[in-house]
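Sequences listed follow chains X and L, in order.
Counting from 0, one number per residue, gives the positions in the first sequence under numbering that gives the first Met the number 0.
Counting from 0, one number per residue, gives the positions in the second sequence under numbering that gives the first Met the number 0.
Do not rely on the hints blindly, as some may be mistaken.
Simulated crosslink set (BS3-like; lysine-lysine; CA at most 27 Å straight-line) [as the list claims (entries may be wrong)]: (1) X:Lys3 with L:Lys28; (2) L:Lys82 with X:Lys4; (3) L:Lys21 with X:Lys4.
Stretch-level coverage of chain X by chain L, calculated; a stretch enters the list once three of its residues show a Cβ under 8 Å from a Cβ in chain L [unchecked claim]: (4) 15–23; (5) 56–67.
For each label pair, taking beta carbons as the anchor points, the in silico distance ranges come out as [said to hold, decoys possible]: (6) L:Ala65 with X:Arg150: 52 to 60 Å; (7) X:Gly35 with L:Lys1: 42 to 50 Å; (8) L:His262 with X:Lys4: 54 to 62 Å; (9) L:Ile261 with X:Arg8: 53 to 61 Å; (10) L:Ser264 with X:Gly13: 30 to 38 Å; (11) L:Ser285 with X:Gln101: 29 to 37 Å.
None of these hints come from the bench; they were simulated from the model.
Since this is a predicted model, take the numbers as computed values, not measurements.
Backbone N, C-alpha and C fix where the C-beta goes; we use that ideal spot for every residue, glycine too.
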Amino acid sequence: MEIKKRQIRVTVNGVLHEALIEPRLTLVDFLRGELGLCGTHVGCEHGVCGACTVLLEGKAVRSCLMLAVQADGQSLLTVEGLIANGQLHPIQKAFMEARGLQCGFCTPGFIMSTYELLTEKPNPTDEEVRDVLGGNLCRCTGYQSILESVRLAATKLQSAGGTK
Amino acid sequence: MKPPPFDYLVPGSVREAVSLLKQHDGEAKLIAGGQSLMPLLNMRLARPAALIDVNRLKDLDYVREADGGLAIGAITRQRTVEKSDLVKNRLPLLHAALQYVSHPQIRNRGTFGGSLAHADPSAECPAVALALDAEFRIAGPEGERKVKAGDFFLTYLTTVLEPTEMLTEVRLPLLPARTGWSVQEVSRRHGDFAMAGVIAVMTLDGSGKCSAARIVLFGVAPTPIRAHAAEQVLAGAKPGEAVFEQAGKKASGVVEEPLSDIHASGEFRRHLAEVLTRRALAEASSRA
């Protein structure tokens, strides 16, 4: 079947990209394969694990459950976009310091979910944190250290004045 | 785990979307949030010739008051509905039910109309629609038609929507005075598919007797289902533990052969229907 490719323009981490792509290309494969942004991980490819979580117009979404063509004209934030002036983002530092990861495969997804949460609610309750973390799977940590990482991140961000 | 090839079309209006559906003669699928369709594509369980992306039909993205109830546009994200002050204040039952729909990251993208049109037996939104006697506005080649929730869901993942039709809006009536409600669900983990769930709505009269009750079971049958036999137990009765227990027993018998799969046996689902009905009625009466 001859399928017409489509031209898209998306802003990723503040940089505008144009690309000619097949409609069936998922957003996560576009980020990794076309843009070389391999920080976003491909896990289950059916929306269960959350490893591919990115921010679309500020909202945490599964990039395996979106087509790249659907992101046309919109702006995305991936884990690579969190680093500023060569420094890890306070959320990333918090995950390191509170041991919120072991193998690290799920971590980009957890960090992006946390980013949305702490942008909307700088001082969330444990219940609110658990509700969001429930959308990401980790097979190493047992989650307690991730919960602590998010708490630590909230404290760090409050003294730094927000997620940005 | 990559989608098969398909043509991708972006209509600028509902009329154009319907016309594209007609042109493809049943071979095209609408995609909204994609939180159910994308997994089906990735696993190649669905192989439509074309995807018609309705995400840009922004005039279908709203929650507003209409005819004394709420009108929700089909592509409104579940997260938007959940966070809507109108929904929180006027229809807290819907707000509560949405908390059970997967996770915030999924609700950020998944649409209210998409969940209804997809009609998963264990989904919460179809059960809410049935419990509230919602009305579905459907656009098709011959114009608009309206369908009540009781007539909308046919069987597993199947509704009265024709391949050339599109759900555009859902009208949800508000609950009358002295009416309590409850949403109960059991799943392995929060956000997982329901093994069974119950939504109960109960109205009390001046003497504290139940004048109307609606009990909807989900996750136990191919569609959400009214537990009429259990509702009859409530009719004219003074709410209390004995009545709730009897209604629970009736609810457990509503489905002859409850769904049985790797997640829960039919017997376990039957048991859950009974227990959750009892709990739902107790909570609903306490709120009435």
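Problem set entry | Indices of hints not satisfied (ascending) | 2, 6, 7, 8, 9, 10 and 11
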